[in-house]
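**Q** What follows is each chain in one-letter form.
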Amino acid sequence: MGKRQAELMKGTLDLLVLKTLELEPRHGVGVADRIEQISSGTFVVKPGSLFPALHRLEQEGFIKGEWSETPEGRRARYYRITGAGLRQLTTEKKNWARVVMAIGLILESD
Amino acid sequence: MPLGSRLASAWRTLFRKNRVERDLDEEMQAAQALLEERHRRDGLTAAEARRAARIALGGIEPVKEEIRHRRPGAAVDSTLLDLRYAVRGLIKAPAFTAVIVATLALGIGANSAIFSVVHTLLLAPLPYRDADRLIFVWSDMTDAGYPRAPLSGPELADLRTRSSTVAGFAAIWANTTALTGEGDPEQLRIGLVTDNFFDVLGADPHFGRTFRADDAVPGAPPTILLGWPLFERRYGADPSIVGRQILVNDRPTTVVGVMPKSFRLLLPPDASVPDDLQAWQPFSSAMPRGPRGQQYLRVVGRMRIGATVAEAHADITAIARRISAEFTEYGAAGRLFTVVALQQDDVREMRPALLALFAGVAILLVIACVNVASLLIARAAARGRETALRLALGAGRGRLLRQCLVEGLVLAVLGVVAGVPAGYAVLGALQALRPHALSRIDLSRFDPPVLAFTIGTALLWGLLFSLAPLFEVVKSDIHASLQQHGRSTPGPVRYRTRAALVVVQVSLSVVLLVGAGLLVRAFFQVQQVDPGFRTGRMLTFRVAVPFQRYRPPAAFNAFSRELQRVLGAVPGVTGVGAISHLPYDDLPNWGGGYALETATNTSAAPNADYRTVTPGLFETLGVRLVEGRFFTEADQTPVVIVDDRLAQRLWPGRSALNQRLLVDPGSNGSPTVKATVVGVVSHLRLRSLVADLTEQVFFPERLVPRNPMAYVIRGDRDAAALAADVRKAIASLDARLPIYDVRPLDSYVEGARGTRRFTMQLAAAFALVALALACVGVYGVLAYSVARRRHEFGVRLALGAEPRRVVVDVMREGLRLAAIGSLVGVAGALAASRLLETQLYGVRPHDPVSYAGTIAVLAVAAAIACWIPARRATNVSPMDALRTE
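Quick mapping for you: the protein sequence lines, in order, are chains E and C.
Going by numbering that gives the first Met the number 0, the first residue of the first sequence is number 0, and it counts up by one from there.
Going by numbering that gives the first Met the number 0, the first residue of the second sequence is number 0, and it counts up by one from there.
Source of the hints: derived by calculation from the structure; they are not laboratory data.
In this text, all values refer to a predicted model and were calculated from it rather than measured experimentally.
There could be a bad hint or two in this list.
What the hints assert, rightly or not - With a straight-line Cα cutoff of 25 angstroms, these simulated PhoX-like cross-link-like pairs (lysine-lysine) come out:
1. LYS63/C x LYS63/E
2. LYS63/E x LYS92/E
3. LYS63/C x LYS45/E
4. LYS63/E x LYS45/E
5. LYS18/E x LYS63/E
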């Protein structure tokens with residue numbers, strides 16, 4: 000992991016998790032792998048914060064966990080996004096876009 | 000998150016714990032296995048792979064803990080854990096727990112009991128319908144020395160016809176009547192009431208009815224309404240008595256109803272309406288036609304809905320002004336009425352005493368709770384290392400704070416559990432002590448408001464205690480605590496907190512001790528008051544001679560003389576006399592104007608207390624004769640004896656003997672009867688021990704007969720032993736003559752001091768308990784300090800220090816706290832004692848004796864409390880002290 004890693008901004012972890020699960024259900028380690036992979040190693044999500052986040056999202060009804068088998072034949076808890084999760088993802092995306100735009104404006108102003 | 004799923008999740012967390020835990024466990028295991036496998040595929044050995052996976056996951060347990068912590072219901076869950084921890088902690092230290100529970104039981108119990116009394120007497124509405132609409136009307140005759148006087152019949156009629164704010168006025172006057180017929184004859188205390196009395200008061204009968212207008216029509220068949228005790232005692236609680244006739248004053252009288260067992264007539268104590276009236280009879284509706292000056296009616300009013308006491312007062316004052324102008328009887332002085340809310344007036348005299356007691360008991364609770372807080376701080380100190388360890392292991396401070404709160408709440412619950420029975424016991428004791436003026440105290444109950452107060456107090460204090468050790472937790476320094484291997488030397492901060500608490504305790508106890516000291520001194524002052532007569536070894540009783548059987552007046556007089564002769568002949572009796580009003584009884588007083596014979600305007604004449612006495616009464620009571628003589632059997636012309644205050648006022652610097660004055664024995668409203676003064680006696684305190692300075696006029700019974708009369712018998716044995724012989728002697732004269740109120744004279748005098756005695760005893764008890772608690776506090780903090788300095792003392796003793804020096808050192812430390820506390824307390828007491836002023840008599844609020852006494856008592860008690868730990872300091876064996884290092 001020679002690449003520079005960035006701190007995840009507070010609150011963005013939920014967004015990333017939901018985005019990751021948008022396409023297909025994954026287990027916890029799969030979610031972490033996927034985030035690291037897409038961000039080309041910029042974001043490394045530690046299980047210490049990922050698992051609590053997954054459980055929280057599940058309690059909030061945005062994702063749902065089910066026991067299933069990995070391609071390697073191991074039992075793992077797979078999370079799939081729910082309708083409420085998809086709606087939440089849309090909202091969070093919009094929020095994020097606003098934040099990015101706002102920060103951009105600030106940075107570009109002289 | 001939607002509420003539903005949150006609740007469901009909380010439910011799972013709390014009640015499906017195993018399943019949730021198992022799920023979580025499995026998930027984490029699976030994740031670890033997955034990572035392990037991945038690492039093995041990358042070419043690591045099994046052991047290396049496991050290690051790498053563990054590192055990546057960052058430790059399964061903390062992750063699980065984090066997840067658990069975030070679940071809904073997690074707070075409840077961990078609170079339950081705290082609860083278990085707190086309870087276990089208390090069980091493991093039974094002595095510690097017992098001390099705390101006992102202290103709380105004492106403090107909370109005493110508070111609940113006093114609150115229950117305060118609630119019943121001061122806060123709860125009187126037990127009548129819409130009691131807040133009830134008022135009491137007084138005649139204000141302050142100029143004549145009688146600020147709270149009753150009203151006359153015509154005045155009641157005026158109020159009824161003219162008032163716009165009061166819906167109804169009713170009146171009562173206490174009297175006695177004879178109950179004859181079946182069973183032994185007995186004399187009843189009854190209330191003569193207007194027919195609307197119970198409607199105005201708002202009290203309903205249990206059986207039958209109260210009075211109606213047609214019961215009061217002149218010539219209507221006589222009726223009577225029974226009180227429950229009489230109904231139970233004499234008629235076996237048989238409801239069929241209602242509607243039957245009984246013989247009252249030898250006349251067949253119909254029982255119209257029975258008042259409920261719970262009914263009490265709660266009128267102001269100085270209204271002279273005893274609260275143990277046994278029955279009621281209606282006044283004739285012709286009653287308001289009596290003379291305007293004949294004031295005997297105690298008037299209660301029920302205001303119209305929406306009217307205020309101030310409006311009623313203004314209204315009734317205006318009526319007084321108008322009748323003053325209309326009727327010449329009032330003369331230039333006129334008539335003045337005062338209107339007060341019945342509820343307030345009932346407790347007028349008791350209120351300051353009760354509030355003082357309530358304040359005292361609240362201070363006691365503070366002292367008790369400070370002890371508890373101090374104990375908790377000591378324990379938090381002892382647990383300092385455990386706390387630091389828990390913090391080091393990652394426990395959140397918030398968690399520790401919550402744990403303290405939970406512990407405080409557990410103690411509060413214990414306080415309630417222990418306080419309610421304790422309060423019950425204290426209330427029982429108060430009711431056993433009940434002074435006459437506080438007879439309503441037996442209505443005090445542990446009812447819901449009192450329970451709410453108890454629980455509220457306990458919770459409040461529980462929270463406050465828990466704050467004391469909280470401070471310790473917040474300030475806890477992990478490093479310092481953990482580095483002190485094995486030695487639990489608590490820091491100076493803790494000591495300072497506890498020392499400050501002890502100063503607070505001592506100063507509060509000083510306030511209580513001074514207050515109690517003042518009340519005790521005042522009580523002794525009252526006991527020193529010379530009432531103007533002797534009290535020991537005297538029996539009193541009342542007898543009403545039936546006029547019907549002893550007529551004309553000559554026969555009545557002859558009988559009364561015969562009665563006195565027979566009583567005088569009882570072996571061992573050394574003096575007999577009779578008087579119309581016993582000292583300090585609760586019956587209506589009797590008084591009227593007096594004026595010089597030459598006075599032209601008698602309408603503004605000052606008032607005197609009137610008493611009728613028989614020859615022998617003054618001799619029996621040992622009254623001091625200032626000049627002239629006592630009454631004799633030979634008195635035939637209108638003669639009176641006056642007290643020295645009246646003599647001084649009418650004939651200053653001259654002899655009063657053979658002077659003539661005008662008096663009003665027939666209560667016609669103005670003094671018109673001429674009488675000659677044959678004697679002057681020194682003033683008798685007959686109405687109140689401390690505030691009875693009204694002038695007095697005594698009439699001979701022969702000329703101004705009163706019925707019933709109270710007999711006073713002095714004998715060579717005590718009152719109880721005399722009573723049987725006296726009864727026998729009277730029965731030999733007239734077996735049908737009921738005697739009643741057979742009591743030692745002392746009991747009346749004791750009754751007059753009863754309220755003071757009660758207040759004083761309670762205040763003294765509170766102060767002593769407070770002193771004991773403060774001493775425990777001083778002892779506790781000093782014992783703690785000695786334990787802390789064990790090592791130091793060991794070394795000093797080992798190096799040859801004299802044990803005496805060590806004792807002096809420790810004692811100086813403790814006494815310094817006591818001295819600071821006393822100083823603060825004295826300052827507080829100087830400020831607070833002024834609030835007690837109305838309760839004092841013959842003692843100023845800044846009475847030096849009470850203050851000096853308090854400091855002396857405190858110094859001795861504190862010295863003892865300091866000496867015990869000081870002795871212990873010298874018992875430290877140097878070897879032991881060093882070994883604990």
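**Q** Compare the structure with each hint and give your call.
**A** Here is how each hint holds up against the structure:
1. For the suggested pair LYS63/C and LYS63/E, the alpha carbons sit about 18 angstroms apart, so the restraint of at most 25 angstroms is met.
2. Distance hint between LYS63/E and LYS92/E is fulfilled; the C-alpha atoms sit about 20 angstroms from each other, no more than 25 angstroms.
3. Under the criterion of a C-alpha separation no larger than 25 angstroms, the hint pairing LYS63/C with LYS45/E is consistent with the structure, at around 14 angstroms.
4. Straight-line distance between C-alpha atoms of LYS63/E and LYS45/E comes to about 21 angstroms, which keeps the hinted pair within the 25 angstroms bound.
5. The straight-line distance between the Cα atoms of LYS18/E and LYS63/E is roughly 14 angstroms, inside the 25 angstroms bound, and the hint therefore holds.
Checked against the numbered hints given earlier, this structure breaks none of them.
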